[in-house]
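Number of protein chains: 2
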Amino acid sequence: MKTILILGAGLSASSMIRYLLKHADSYNWNLRIVDQDKSLIEKKINGHKRALALDFNALDPNERKPEIDRADLVISMLPARFHVEVAKDCIELKKDLITPSYISPEMRALHEDAVSKGIIIMNEIGVDPGIDHMSAMKIIHEIRDKGGEVTSFKSFCGGLIAPESDNNPWHYKFTWNPRNVVLAGQGGAASFIHNGEYKYIPYNRLFDRLDRIDIAEFGKFEGYPNRDSLSYRSTYGLEQIPTLYRGTLRRPNYCKGFHVFAELGMTDDSYKLFQSENITPRAFLNAFLPYRKGISVEEKFKIFLREDRMYLYDQFEWLGIFEKDESFGFPNASPAQLLEKLLVRKMSLEDNDKDMLVMYHEFEYKLEGVNRKIVSSMLNIGEDEVYTAMSNTVGLPVAICAKMILTGQIHEKGVTLPVNKPVYKPILEELKAFNITFEEHESILED
Amino acid sequence: MKTILILGAGLSASSMIRYLLKHADSYNWNLRIVDQDKSLIEKKINGHKRALALDFNALDPNERKPEIDRADLVISMLPARFHVEVAKDCIELKKDLITPSYISPEMRALHEDAVSKGIIIMNEIGVDPGIDHMSAMKIIHEIRDKGGEVTSFKSFCGGLIAPESDNNPWHYKFTWNPRNVVLAGQGGAASFIHNGEYKYIPYNRLFDRLDRIDIAEFGKFEGYPNRDSLSYRSTYGLEQIPTLYRGTLRRPNYCKGFHVFAELGMTDDSYKLFQSENITPRAFLNAFLPYRKGISVEEKFKIFLREDRMYLYDQFEWLGIFEKDESFGFPNASPAQLLEKLLVRKMSLEDNDKDMLVMYHEFEYKLEGVNRKIVSSMLNIGEDEVYTAMSNTVGLPVAICAKMILTGQIHEKGVTLPVNKPVYKPILEELKAFNITFEEHESILED
Numbered sequence: 001m002k003t004i005l006i007l008g009a010g011l012s013a014s015s016m017i018r019y020l021l022k023h024a025d026s027y028n029w030n031l032r033i034v035d036q037d038k039s040l041i042e043k044k045i046n047g048h049k050r051a052l053a054l055d056f057n058a059l060d061p062n063e064r065k066p067e068i069d070r071a072d073l074v075i076s077m078l079p080a081r082f083h084v085e086v087a088k089d090c091i092e093l094k095k096d097l098i099t100p101s102y103i104s105p106e107m108r109a110l111h112e113d114a115v116s117k118g119i120i121i122m123n124e125i126g127v128d129p130g131i132d133h134m135s136a137m138k139i140i141h142e143i144r145d146k147g148g149e150v151t152s153f154k155s156f157c158g159g160l161i162a163p164e165s166d167n168n169p170w171h172y173k174f175t176w177n178p179r180n181v182v183l184a185g186q187g188g189a190a191s192f193i194h195n196g197e198y199k200y201i202p203y204n205r206l207f208d209r210l211d212r213i214d215i216a217e218f219g220k221f222e223g224y225p226n227r228d229s230l231s232y233r234s235t236y237g238l239e240q241i242p243t244l245y246r247g248t249l250r251r252p253n254y255c256k257g258f259h260v261f262a263e264l265g266m267t268d269d270s271y272k273l274f275q276s277e278n279i280t281p282r283a284f285l286n287a288f289l290p291y292r293k294g295i296s297v298e299e300k301f302k303i304f305l306r307e308d309r310m311y312l313y314d315q316f317e318w319l320g321i322f323e324k325d326e327s328f329g330f331p332n333a334s335p336a337q338l339l340e341k342l343l344v345r346k347m348s349l350e351d352n353d354k355d356m357l358v359m360y361h362e363f364e365y366k367l368e369g370v371n372r373k374i375v376s377s378m379l380n381i382g383e384d385e386v387y388t389a390m391s392n393t394v395g396l397p398v399a400i401c402a403k404m405i406l407t408g409q410i411h412e413k414g415v416t417l418p419v420n421k422p423v424y425k426p427i428l429e430e431l432k433a434f435n436i437t438f439e440e441h442e443s444i445l446e447d
Numbered sequence: 448m449k450t451i452l453i454l455g456a457g458l459s460a461s462s463m464i465r466y467l468l469k470h471a472d473s474y475n476w477n478l479r480i481v482d483q484d485k486s487l488i489e490k491k492i493n494g495h496k497r498a499l500a501l502d503f504n505a506l507d508p509n510e511r512k513p514e515i516d517r518a519d520l521v522i523s524m525l526p527a528r529f530h531v532e533v534a535k536d537c538i539e540l541k542k543d544l545i546t547p548s549y550i551s552p553e554m555r556a557l558h559e560d561a562v563s564k565g566i567i568i569m570n571e572i573g574v575d576p577g578i579d580h581m582s583a584m585k586i587i588h589e590i591r592d593k594g595g596e597v598t599s600f601k602s603f604c605g606g607l608i609a610p611e612s613d614n615n616p617w618h619y620k621f622t623w624n625p626r627n628v629v630l631a632g633q634g635g636a637a638s639f640i641h642n643g644e645y646k647y648i649p650y651n652r653l654f655d656r657l658d659r660i661d662i663a664e665f666g667k668f669e670g671y672p673n674r675d676s677l678s679y680r681s682t683y684g685l686e687q688i689p690t691l692y693r694g695t696l697r698r699p700n701y702c703k704g705f706h707v708f709a710e711l712g713m714t715d716d717s718y719k720l721f722q723s724e725n726i727t728p729r730a731f732l733n734a735f736l737p738y739r740k741g742i743s744v745e746e747k748f749k750i751f752l753r754e755d756r757m758y759l760y761d762q763f764e765w766l767g768i769f770e771k772d773e774s775f776g777f778p779n780a781s782p783a784q785l786l787e788k789l790l791v792r793k794m795s796l797e798d799n800d801k802d803m804l805v806m807y808h809e810f811e812y813k814l815e816g817v818n819r820k821i822v823s824s825m826l827n828i829g830e831d832e833v834y835t836a837m838s839n840t841v842g843l844p845v846a847i848c849a850k851m852i853l854t855g856q857i858h859e860k861g862v863t864l865p866v867n868k869p870v871y872k873p874i875l876e877e878l879k880a881f882n883i884t885f886e887e888h889e890s891i892l893e894d
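Protein chains in written order, with the numbering used here: chain A, 1 to 447; chain B, 448 to 894.
Worth double-checking, as some hints may not be accurate.
To be verified - Computed cross-link-like contacts, DSBU-like style, restricted to lysine-lysine with a CA-CA straight-line distance of at most 35 Å:
1) K747/B x K300/A
2) K293/A x K593/B
3) K512/B x K413/A
4) K740/B x K256/A
5) K868/B x K850/B
6) K300/A x K820/B
7) K585/B x K293/A
As the list claims (entries may be wrong) - Selected chain B positions facing chain A (in silico; Cβ < 10 Å):
8) A631
9) G634
10) G635
11) N642
12) E644
13) K646
14) R652
15) G712
16) M713
17) F735
18) Y738
19) K740
Think of the hints as simulated: they come from the structure by calculation, not from any bench. Even glycine gets a Cβ: it sits at the ideal position worked out from N, Cα and C.
Bound-form chain A, shown alone (with noise of 0.2 Å):
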C-alpha cells in the first residue's frame, strides 16, 4: 500500500484527485488530502473509501511533517510560495514531492539535497508552465534525433472561454485569478530574442504588439509577449536559438481592449484613489481623461480611442463603463483594484460555461540544407465548471507523474522539471485519452 499526501484542494485539484482516485483501488494507494475547507475536499472525493479529509494547517510545519513522514508521494498544490518550506520537509524525511508550479531560485538551491537524499523533486508539470514543456520538447528532441537545427521556436498558451459559452464582445471570462489577470505583464520589460537580437517591449506596447495566429478549426487568436522568453533558452537546451519568443493567447480584440486600460492608467496597482470608494466606472474612466468644458465622458473617450480604435467603443460600453448611477463602494482602492471590480462584474463564468485552454508553437529547424517548419497545437475544453480545462491541464500531468513515480517508472532525482523524454512521453501519451492532443503539421519554408 501507497500513501499520496495531497496538500490543497482548489480548482486545479479536482482532475488530480478524481485520476488518482479512480486508480487507487488497482495501485493500492490511499490518498490523505489537507485543505483550509473540508468541505472541499469531501465534494471531490465524494465519499471514496480510499481517500481522507483532513483539516490540519498544512502551513504549520509541526502539523505537517507528521503527515509527511507516513506519505509515500507528497502533491503540493498550494500556492507557490509555499512550496519551497514543503520540499524542505520532504529532503529531510526522504519523501518525493511533485508541484505544478515554476521553480524558484530557492526551490532550484535544494538540487544537490535532494539528490543526495535520492528523491526527486519535481516541477513545473501542470499547464504553462507543464504541458507546454512537455510537447515542445517532444518536438524539439525528434529534430535533434534527425539531426535538424532549431532555429526559431514562437510558443503560445491561454485559459479562455470555450466557443460555446463565448458570448461577450471581449470574447474572455475569467477562467483564473481575474487580480493576475488584471496585473498581467507589469514590472520589467518583455524579453525575447528575434533572430539573433535582443528584444524589449516594456509594458505600455506590451498588449499593441501582437503575434496573429490562426488555429486551423478553432478560429483566430491574437499573442502578447510574456515577460520572459529568454530563461527557456536553458529550459530546452537551445542556448544559440536565433529566434525565441513566448506569449500569451487572447481572442481577437481582448488585448487591444486592454491595451486601452493600461494606456489610460487604470491597471495601475501601486497608488490609491482619493476617495475611492464615491467613484462609479463613470468617474473611473473620466479621472484619466483629460478636463474638457461641456463635453460628456463618451465623447472625451472617443477622442482618446481615435479614428483607428473606434470598434474597440462598443466592447467598452458593454463593460458599463459609463454607467453613473452606482459606486464601486471600495475604499481605499487601486486603480487596478477598481478595474478588476469593473471587469468581474461582467466576466465571470455563468453557470454551464465551460473553458477552454489552447496551446500553440511554431518551430523552425535546418535540416540537410532545407528550412522546415513545424506548427504544433492543442485545444482542450472544459468537462463542466469543476473538471475545467484547467483542472484537467494541470492536474492529469500531476497525476500520471504520480502514478509514475509510485510505479517505479522515473528514475531521475533532484530538483527537476518535465523536459526529459522518459518523463514527457509517456504522459503525453496518456493525455491522449483525456482529449488533450496536439495536432503536428510539418512544412517546407520558402525562402
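Chain A is already provided as a structure; the job is to place chain B on it using the hints.
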C-alpha cells in the same frame, strides 16, 4: 559671535557660502564647513578668515554631534535622506536647523519635539521647493487679504539652459543630476485636481500631456505634470480649491522627444539588458523596435515615430542614436543607465555655459463676483559655472533665512517651511537684489 555649521559644500552651496561670508564680518559670524571633499570647501571660501574647512565624517553621529554642539545654527546641504538624523541631533542639542529639502514624514514627526526644545527646523527653502512656496503664498495671502477666493492655481518650475547657451535641438542641458532627469516621473501616476475632478496621468502619457506656456520676453515653454500636486492643498491652505496643478517646465520639443524614449521603454531602470557592455547606441534603439527584415534602424524608427512626429527625427539623429561604431561599454546596465550615458555625451554643460531657472504661477480667483487672473513669473540666469541659477535660487533663500534666524527675526518654532509672511516677505524682498524677481500681471477673466 555666532557659529554656523554647514554640512555639505556641493554645487548648490556655492552661492549660500558666498552670501554668508560676505556678511560674516558685519554680523560677527564664523562658518565651519564640512564636506568629504575638503578642497571643494577651500575653493569656495578662498582663504576667508571667517571660514574653516573641516573634513570629519558628517554621517557619523559621533563626529557630527560635537560640531553641532559648538554651533548656533546648522545648515544641512547633505543628501535629503540624512536630514532626519541631523535634525534629531539638533533637537537633542537645542540648535536651529535649515535644509532646502522636502519634509519627509519622519521629519514631520519631529515637530512636537522641536517645539518643546524651542528650536526651528526650517525645510523646503531652496527652489522647488522653496521660492515656489514663498512667491505663491505671497499672492495667495494678498488675494485673501482683499477678500478674494482662489479657484485655480497652476504652477511650473524648470532648471534649464540659458538662451545664450542653448545650442542643441533638445534645448536642454543637464544642470542637475542626470539620473534624476532620466527617471523623472516614474513610480505611480501624476495626480492633480481640475474643476473639482481628480485626474491621474500614468507615466506612459506624462510627457505627452503638456501645457504650453508663453512667458513674454523669454519665449515658449512646455510643462509636464509633477507626480504629486494634491499635497500642496494643505501646504498652501487651499483645501477646497477646485483646480490645482504643478508641473515641470521644458523648452518645446524636449517633452515630445522624451516621450518617445519612455514609449520605447528606454527609461526603464527596473531590469538589466543582456550583454549591455556590447550595446552601441544603434543597437540600443533597435532593441526596442520590432524586428523587420531588410529595413534599416533609421527606417524602423521613422515607422515608430509616425508622420505626425517626424519633426522630432533630427533631434534623435543629433544625439548620435544611430551610431554603430562604439559600444557604451557599460556592463550590467539598465535601459535608463544607457539612456543617461547617451544623453550626457551630448547634453552636458560646456565651458562658459550658463543655466537658467524659470518659475511660472497662474492664479484664478473670484472677488466681488468677478473672476480674475494673476500670472507671476520669474527667470534667473546663472552667473557662471559655479554661481549657477540653480546655486543662486537654492542657496540664497537658505542663506537669507540663516541671517534672519541668527538675528532673531523669525519667531516660529518646530518643523516648518516658508509659507508664513514673516519668513517669505523679507526673503522675497532681498532676493530681488540678486535678480530673482517675479513679474506679476493681473487681468479680468472673460466668462
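Evaluation of the provided hints:
1. Between the alpha carbons of K747/B and K300/A the distance comes to roughly 31 Å, so the proposed pair stays at or under 35 Å and holds.
2. For the given pair, K293/A sits about 29 Å from K593/B by alpha-carbon distance, which is consistent with the 35 Å threshold.
3. Proposed proximity of K512/B and K413/A is contradicted: the alpha carbons are some 60 Å apart, above 35 Å.
4. A threshold of 35 Å between alpha carbons decides the hint, and for K740/B with K256/A the separation of about 25 Å falls inside it, so the pair holds.
5. A threshold of 35 Å between alpha carbons decides the hint, and for K868/B with K850/B the separation of about 16 Å falls inside it, so the pair holds.
6. Between K300/A and K820/B the alpha-carbon distance is near 27 Å, which keeps this suggested pair within the 35 Å criterion.
7. Between K585/B and K293/A, the direct Cα distance comes to roughly 30 Å. Compliance with the 35 Å bound is thereby established for this hinted pair.
8. Proximity of A631/B to chain A is violated relative to the hint, the smallest CB-CB distance being about 16 Å (cut-off 10 Å).
9. Proximity of G634/B to chain A holds as hinted, the smallest CB-CB distance being about 7 Å (cut-off 10 Å).
10. Restraint check, G635/B versus chain A: the minimum CB separation of about 4 Å is within 10 Å; hint holds.
11. Residue-level restraint check for N642/B holds (minimum Cβ-Cβ distance to chain A is 6 Å; threshold 10 Å).
12. For the restraint placing E644/B at the interface with chain A, the shortest Cβ-Cβ distance is roughly 6 Å, inside the 10 Å limit, so the hint holds.
13. A hinted interface residue such as K646/B counts as satisfied when its beta carbon comes closer than 10 Å to some beta carbon of chain A; here the least separation is about 6 Å, so the hint holds.
14. Restraint check, R652/B versus chain A: the minimum CB separation of about 7 Å is within 10 Å; hint holds.
15. The interface hint given for G712/B holds, since its Cβ lies 3 Å from the closest Cβ of chain A, which is under the 10 Å cut-off.
16. Using the Cβ-Cβ criterion of 10 Å, the hint placing M713/B at the interface with chain A is satisfied: the shortest such distance is roughly 9 Å.
17. Given hint, F735/B at the interface with chain A, holds; its Cβ is 6 Å from that chain's nearest Cβ, closer than 10 Å.
18. Because the closest C-beta pair between Y738/B and chain A is about 4 Å apart, less than 10 Å, the hint holds.
19. Checking K740/B against chain A: minimum C-beta separation of about 8 Å stays under 10 Å; hint holds.
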